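Peer 1: If you read the sequences in order, they're chains R and H.
Using the numbering used here, the first residue of the first sequence is number 7, and each one after it goes up by one.
Using the numbering used here, the first residue of the second sequence is number 56, and each one after it goes up by one.
If you're looking for bench data, these hints aren't it; they were derived computationally from the structure.
Note that the coordinates shown come from a computational prediction; the quantities given were computed from them, not determined experimentally.
The beta carbon of each residue, even a glycine, is placed where N, CA and C say it ideally should be.
Do not rely on the hints blindly, as some may be mistaken.
Said to hold, decoys possible - Simulated coverage check for chain R against chain H, where a stretch passes if three residues somewhere in it have a Cβ under 8 Å from a Cβ of chain H:
{"hint": "1", "stretch": "51-64"}
{"hint": "2", "stretch": "72-83"}
As the list claims (entries may be wrong) - A few chain H residues that face chain R, going by a derived Cβ cut-off under 7 Å, partial list only:
{"hint": "3", "residue": "Ala69"}
{"hint": "4", "residue": "Ala70"}
{"hint": "5", "residue": "Asp93"}
{"hint": "6", "residue": "Gly97"}
{"hint": "7", "residue": "Gly118"}
{"hint": "8", "residue": "Tyr119"}
{"hint": "9", "residue": "Pro150"}
{"hint": "10", "residue": "Gly155"}
{"hint": "11", "residue": "Asn157"}
{"hint": "12", "residue": "Leu167"}
{"hint": "13", "residue": "Thr168"}
Each chain is listed here by its residues.
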Amino acid sequence: GQNIDQPTEMTATEGAIVQINCTYQTSGFNGLFWYQQHAGEAPTFLSYNVLDGLEEKGRFSSFLSRSKGYSYLLLKELQMKDSASYLCAVNDDYKLSFGAGTTVTVRA
Amino acid sequence: IAGITQAPTSQILAAGRRMTLRCTQDMRHNAMYWYRQDLGLGLRLIHYSNTAGTTGKGEVPDGYSVSRANTDDFPLTLASAVPSQTSVYFCASSPSGTSGYNEQFFGPGTRLTVL
Chain R
7 GQNIDQPTEM
17 TATEGAIVQI
27 NCTYQTSGFN
37 GLFWYQQHAG
47 EAPTFLSYNV
57 LDGLEEKGRF
67 SSFLSRSKGY
77 SYLLLKELQM
87 KDSASYLCAV
97 NDDYKLSFGA
107 GTTVTVRA
Chain H
56 IAGITQAPTS
66 QILAAGRRMT
76 LRCTQDMRHN
86 AMYWYRQDLG
96 LGLRLIHYSN
106 TAGTTGKGEV
116 PDGYSVSRAN
126 TDDFPLTLAS
136 AVPSQTSVYF
146 CASSPSGTSG
156 YNEQFFGPGT
166 RLTVL
């Protein structure tokens, strides 16, 4: 079976940095995705990691360690619009298994 | 450019009724998926289709059926709705269902309430 864990909630101040951790235990691994989901909306793609290391895309970066079954999403220079849920998803047997999501609240 | 659309946006349904949720994509993606999203549980895969004419079961398929007669459409049917099927349903598509880089594009969702 699949086990994907991430914190339920995080709160941070505008302009700060937040790191969302994701640990996984899956029967297969073909890559790890991060999605952003604003309340009442559909998830949208943020990042993809298949090799160990850091992938940087503007204010967002994602890191992967396959040997540790661990990833994190780093959000820098937080803006109010970054208040959303962030979903970690593992490509296991070519289907995505999602964590429950981390709700990030950005305060002024 | 529509991308992926779902209908209806929301629905209140009496238990025991039959309901079909519609999903259409215009991106010519081979793979399509149905998820349900419940508070605290995240997105769970109901059924999927890697290509027109084929379907497969996901994590929570009981009580649901799908068909994939063509590339664009992937309807989800609840044969006899029960209150535990109250949820937000998302349809998604991806260019390939057998690729490691399986970025999925999601529809806007259908909020279903079964009373």
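Peer 1: Against this structure, judge whether each hint is valid.
Peer 2: How the hints compare with the structure:
1. 51-64: holds (count 3)
2. 72-83: violated (count 0)
3. Ala69: violated (25 Å)
4. Ala70: Where the cut-off is 7 Å and the nearest Cβ of chain R is about 25 Å from Ala70 (chain H), the hint is violated.
5. Asp93: violated (9 Å)
6. Gly97: holds (4 Å)
7. Gly118: violated (19 Å)
8. Tyr119: With Cβ-Cβ at 16 Å, over 7 Å, it is violated.
9. Pro150: violated (12 Å)
10. Gly155: Holds: closest Cβ of chain R sits about 4 Å from Gly155 (chain H), inside 7 Å.
11. Asn157: Hint holds; Asn157 (chain H) Cβ to chain R Cβ min 5 Å, cut 7 Å.
12. Leu167: violated (15 Å)
13. Thr168: Violated - the Cβ of Thr168 (chain H) stays beyond 7 Å from chain R, reaching only about 15 Å at its closest.
Of the numbered hints listed earlier, those contradicted by the structure are 2, 3, 4, 5, 7, 8, 9, 12, 13.
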